[in-house]
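There are 2 protein chains.
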Amino acid sequence: MKGESGVKVRKLAVLAAVLAALPVLGGGALQAAGRGPVEPGRIVLERQGAFAAGGTVLGDPAKSSLHCDHGYVEYQIPVKARKTALFMWHSSSALVWQQRWDGGEGFRDIFLKRGFATYLWDGPRVGRANWGCEEYTYKPGIGRDQGNFTAWRFGKTFGEWFPGVQFPKDDKRAYEQAMRARYEEFDIVKNVRLEAEAGAKAIDEVGPSVVLTNSAGGLRALLAATQSSNVKGIVAYENPGFPFPEGAGPDRPEGPFGPIRVTEEEFNRLTKIPLQFVWGDNIADSTTWPASLKQCEQFVELINQRGGNAKILKLTDVGLKGNTHIPFMDMNNRAVADQLSAFLKQNGLDRR
Amino acid sequence: MKGESGVKVRKLAVLAAVLAALPVLGGGALQAAGRGPVEPGRIVLERQGAFAAGGTVLGDPAKSSLHCDHGYVEYQIPVKARKTALFMWHSSSALVWQQRWDGGEGFRDIFLKRGFATYLWDGPRVGRANWGCEEYTYKPGIGRDQGNFTAWRFGKTFGEWFPGVQFPKDDKRAYEQAMRARYEEFDIVKNVRLEAEAGAKAIDEVGPSVVLTNSAGGLRALLAATQSSNVKGIVAYENPGFPFPEGAGPDRPEGPFGPIRVTEEEFNRLTKIPLQFVWGDNIADSTTWPASLKQCEQFVELINQRGGNAKILKLTDVGLKGNTHIPFMDMNNRAVADQLSAFLKQNGLDRR
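Chains E and G are the protein sequences, given in the same order.
My numbering applies: residue 13 is where the first sequence begins, and numbers increase by one.
My numbering applies: residue 13 is where the second sequence begins, and numbers increase by one.
Careful, some of the hints might be misleading.
Where chains are identical, the list cannot tell them apart; a pair therefore holds if satisfied intra-copy or between any two copies.
[Said to hold, decoys possible] No farther apart than 30 Å at their CA atoms in a straight line, the calculated lysine-lysine pairs in the DSSO-like style are these: (1) Lys-75 with Lys-181; (2) Lys-357 with Lys-168; (3) Lys-151 with Lys-75; (4) Lys-168 with Lys-125; (5) Lys-75 with Lys-92; (6) Lys-333 with Lys-75; (7) Lys-202 with Lys-125; (8) Lys-181 with Lys-357; (9) Lys-168 with Lys-92; (10) Lys-95 with Lys-306; (11) Lys-125 with Lys-95; (12) Lys-75 with Lys-168; (13) Lys-213 with Lys-75; (14) Lys-306 with Lys-125; (15) Lys-125 with Lys-92; (16) Lys-181 with Lys-92; (17) Lys-357 with Lys-202; (18) Lys-151 with Lys-202; (19) Lys-168 with Lys-323; (20) Lys-151 with Lys-326; (21) Lys-151 with Lys-323; (22) Lys-213 with Lys-184.
Simulated from the structure, these hints should not be mistaken for laboratory data.
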């Protein structure tokens, strides 16, 4: 490991010894779940809680009504927090920010220890915000497990793990937990827009934030950034879809995985903040991801042509191998975190 | 205020002064949300995270499958935690454990500061566990806002607040947040049993736990206690439904708000742990709650006839007035917490 993690190896060894001496923290499988390596330090909270943001009201609130279509924000603010918060936008389950694949320390905890306030977001109709304003039908999709395996780039085809993949492939509990780290995400254009609008409102309540996204959360966050000046940057892990102004980008209809059409004015707002698009390993060996990376390059080029600050970070270019579609959950998530810390520092977004 | 809260008033005044001097923690409305009174001390975490528990697999996991019907557990373990954890089972939204009505400190935080590990539970199909094994249709219910108002005993009829109700009735944001603190709960008998079974498995992963419940969560937890010996006690806030053996309890078919039929053996397991049923104020003035309290009395009598330890705590009997259907969210939630601390101490469930 390099950078911040590297210099703290000795501290970590001391901490590991301390942890080993502690009494059991929970029973059974929880106790068995992975622990090392963990970020040094403790999480000391100034405040935590949750609130609803965005949404609408159906009916007459004085007579017969329903408050619905809000999102759900779960927040934790450490003592002496840095000025800019991290707003975490998943595309499968809030769990992705809460855990490493093996049950070890998640990205949220690493960044709480590094001094950032964190906000976990379930957009309208998603997860703890599933109190929507419209009827919908959920259907269980047999085969989604196998779809996850390839979409998340555990391997090229189901059951054939990529060599060196950053997933504990012999840990049956980790695999089961991964398959259960999902809930309905409502990937249709209308909901992308609905979630983006509520997300912008949530971020306006939070204040200055860098939005961290995974997969289809990235498109939603880019749209939210056109609506809230409190979005001070976006770091998008493996984002397949992008907004484009009319006449630019892929020549096909709008879709929940891009493109989404925005006005010139909206698009140009995205040139005012730093954007980083992070990609894991083994992309060339997957069926779908090369096209997404290509669309990403197209988007980045257009942003930069207009004076913006968008960059692509291929983790393999900085020596990180085997990362999946959810790199911040991977076994080397502290090294992935070091890359984020570097981005935040370079852009003045880690000030206290 | 009485008891633990009372003797800490001076400490609290000091803390309030310290808090007032701190920098802004978040932007806009979050900053404006209620803060005082808060429990003295800080939340210092040993560990936190989330995991799935229970569930099944549809299809062939080697070929085409779906992991589904698990529940979602979000846990926080403070340093030097007490031996018994608190497992929190909502019936509207996880938010009820995370906040006071005005956005002030929630029950979870109070008990983290008092040294308990806490586990927030979304049962199968609920909230962050809505990755079910069966198709279902959600329909928005216009009028639910007004239903909440009376069911949660903000007032006898919609818009007419009970005098002295422990809700900040002039705080428009608090009212809006309350109406949005809901998601689909799947109140049918089949799901009650499904959630209870997964809950028992979750608690077996956690280890020795006292289950705190609200409303229809109580019935689920009572069923879970017949399946897991790690349930060391239940404190049920305003529980409308109960399990009964054949031939006992209300003479009507099974329903999601009780009764649910259990075997004699299952029922007798409930006589082995302390059970407390907590009720708020203004019950006689509501349409539905007097019948629930009566069923509760019937259940408690039967448990105690069989040598069990079940008690009813009417908050008005200990001087607490104006409590709603969700007493632990009420403005006097620290006084409600003191009652829980007393129960835990009396039953040896607060040992370190």
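Which of the listed hints are not met by the structure?
Structure breaks hints 2, 4, 5, 7, 8, 9, 10, 14, 16, 17, 20, 21.
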